[in-house]
Amino acid sequence: MSILLELAQGLQNSGLGTALAESRYAFPLVEGTHLIGLSIAVGLLFLIDLRLIGVFLKQVPANTLLRQLLPIVLAGFAIIFVTGILLFVSEAETIIASSALPFKILFLVLGGLNALYFEFRLSREPEFQNSSAAILPDRVRYAGYASIVLWVLVIISGRLLAYI
Amino acid sequence: MSSTVEVLTALQNSFLGQAIGQSNHLVGATSQVFHILGFVSLLAAVIFINLRLLGLALPNMPLKEVSRQAVKFIWIGFFFASTSGFLMFLSAPTLYYANPAFLAKITLYTLAIVFQVLLYQRVVKLANPGKFLVWTNVLLSFFLWFGVSLTGRAIGYV
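In order, the protein sequence lines correspond to chains U and D. The first sequence begins at 1 in the numbering used here and counts up one residue at a time. The second sequence begins at 1001 in the numbering used here and counts up one residue at a time.
Rather than coming from a laboratory, the hints here were simulated on the basis of the structure. Any given hint might turn out to be false.
If you want the ones that stay clear, here's a sample from chain U, every Cβ over 10 angstroms from chain D, calculated [to be verified]: (1) Ile96; (2) Ala97; (3) Asn114.
Here are some of the chain U residues that sit facing chain D, going by a computed Cβ distance under 8 angstroms [unchecked claim]: (4) Pro28; (5) Glu31; (6) Leu35; (7) Val60; (8) Tyr145; (9) Ile155; (10) Leu160.
Only pairs whose alpha carbons sit at most 27 angstroms apart, straight line, appear in this in silico BS3-like list of lysine-lysine [as the list claims (entries may be wrong)]: (11) Lys104/U <-> Lys1064/D; (12) Lys58/U <-> Lys1125/D; (13) Lys104/U <-> Lys1131/D; (14) Lys1064/D <-> Lys1125/D; (15) Lys1131/D <-> Lys1072/D; (16) Lys1064/D <-> Lys1131/D; (17) Lys1125/D <-> Lys1072/D.
For glycine and all other residues, C-beta sits at the position ideal for the given N, C-alpha and C.
Using the sequences plus the hints, can you model the full thing?
Below you can see the structure in the form of C-alpha cells.
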C-alpha cells in the first residue's frame, strides 16, 4: 500500500499532475469532458442494453443497433479513458485513499468482462446475429441487465470517490 | 437585485433548504448521482436522435418513430437532473447565485429548454427534415446541452 501511495504522490507531484490541479480551467474542463464521454459511451450503451432486455426499439434487430452504435460507444470510452487518467494523475493521492476506489475498479472490471463476454460469445451466436425477434434469449437479456446495473454502480462509486 | 437575494435567502432558510444544507454530505452525493444519471439519459437520447438525424443510425427507420421512442429518455433524464439539481441549489442558493459558472449554466439551461420545445421536438417529428434544419438541430442541441454539462461541472471551481 505504501508503494502505491508513494507512486500516487509521485504522479500528483509530476509536471502534468501539478499543472492540471493548479489550472483554474483545465481541471473542470477535463472533468466535464469525462462526463460528456460518459454520456456518449455509457449513455448509448444503456440504450443498447434497453434493446437487449426488450424495452426499446423492439422492431429493430438488436444486432443492427449494436453494430451501428458500437464505434461511437468505443470512441466515447476512449474519451473517458484519457480524461480519467488525467483526473487520476492530478488527484492521485486523494483517489488512492478513497474507500470507493476498490469498488469502482471492481465494477469497471466486471462491466468490462460482461461486455467482452457479450461481444465475443453471445453476440456471435446465430440466434443473436440473425434474430429480428423483439424478445431475445434469456442469456442475452441477462447480459443487458448486468450491463445496466454494473455501469450504474461504476458511476455511483466514481462519484463517491470525492466523498468517502 | 436585492429582492432576488431576499428570495434566495428565504429559500435557503426554508425548511427544505435548511434540511438539505445541514444533512449528511452523502445526501449531497446521492443528489449528484441522480443528477449524473439524469443527464446521461438526457444526453444519450439527444446523441442517439442526432445520429438518426444525420443518417448515421437506423437510416431505414422513420425519424418520427425513432424519436417517438427515444424522446421520452430526454424528458425522464431532464426530470431527474432538474429535480436533483434544484435540491442541490436549495442547500446554498445565495452561494450559487453569485457563482459565474452557475449563472452561465442556468442561462444555457433556459436556452436549451426553449430550443428543445420550440425547435428540436418539432424537427424530430418531421418525415424528412432538410439539411439546414438537421444541422441546426444537431449543432445547437450539442452546443446547449454539452454547454450545460461543462459550465455545471465548473461550478465548484470558479
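Each hint tested on the structure:
Its beta-carbon lying about 19 angstroms from the closest one in chain D, Ile96/U satisfies the requirement of being farther than 10 angstroms from that chain. Every beta carbon of chain D lies more than 10 angstroms from that of Ala97/U, the smallest distance being close to 16 angstroms; the non-interface claim holds. A cut-off of 10 angstroms between C-beta atoms confirms that Asn114/U is not in contact with chain D; the least separation is 18 angstroms. Restraint check, Pro28/U versus chain D: the minimum CB separation of about 4 angstroms is within 8 angstroms; hint holds.
Look at Glu31/U: its Cβ gets to within about 5 angstroms of chain D, closer than 8 angstroms, so that hint holds up. Taking 8 angstroms as the C-beta contact cut-off toward chain D, the hint placing Leu35/U at the interface holds, the least distance being around 6 angstroms. The interface hint given for Val60/U holds, since its Cβ lies 6 angstroms from the closest Cβ of chain D, which is under the 8 angstroms cut-off. Because the smallest distance between the Cβ of Tyr145/U and any Cβ of chain D comes to about 16 angstroms, over 8 angstroms, the interface hint for this residue is violated.
Because the smallest distance between the Cβ of Ile155/U and any Cβ of chain D comes to about 6 angstroms, under 8 angstroms, the interface hint for this residue holds. For Leu160/U, the interface hint holds, since its Cβ comes within 8 angstroms of a Cβ in chain D; the closest pair sits about 6 angstroms apart. In summary, the hint linking Lys104/U to Lys1064/D is not supported, as the alpha carbons are separated by about 39 angstroms, beyond the 27 angstroms threshold. For the proposed pair Lys58/U and Lys1125/D, the alpha carbon gap of about 19 angstroms is at most 27 angstroms, so the pair holds.
For the hint linking Lys104/U to Lys1131/D, the alpha-carbon distance of about 43 angstroms lies beyond 27 angstroms, and the restraint is violated. Pair hint Lys1064/D plus Lys1125/D holds up; C-alpha atoms about 5 angstroms apart against a cutoff of 27 angstroms. Distance check on the hinted pair: Lys1131/D and Lys1072/D sit about 25 angstroms apart at the alpha-carbon level, within 27 angstroms; holds. In summary, the hint linking Lys1064/D to Lys1131/D is supported, as the alpha carbons are separated by about 16 angstroms, within the 27 angstroms threshold.
Note on Lys1125/D and Lys1072/D: the hinted pairing holds, with a Cα-Cα distance of about 13 angstroms set against a maximum of 27 angstroms.
Checked against the numbered hints above, the structure violates hints 8, 11 and 13; every other hint is satisfied.
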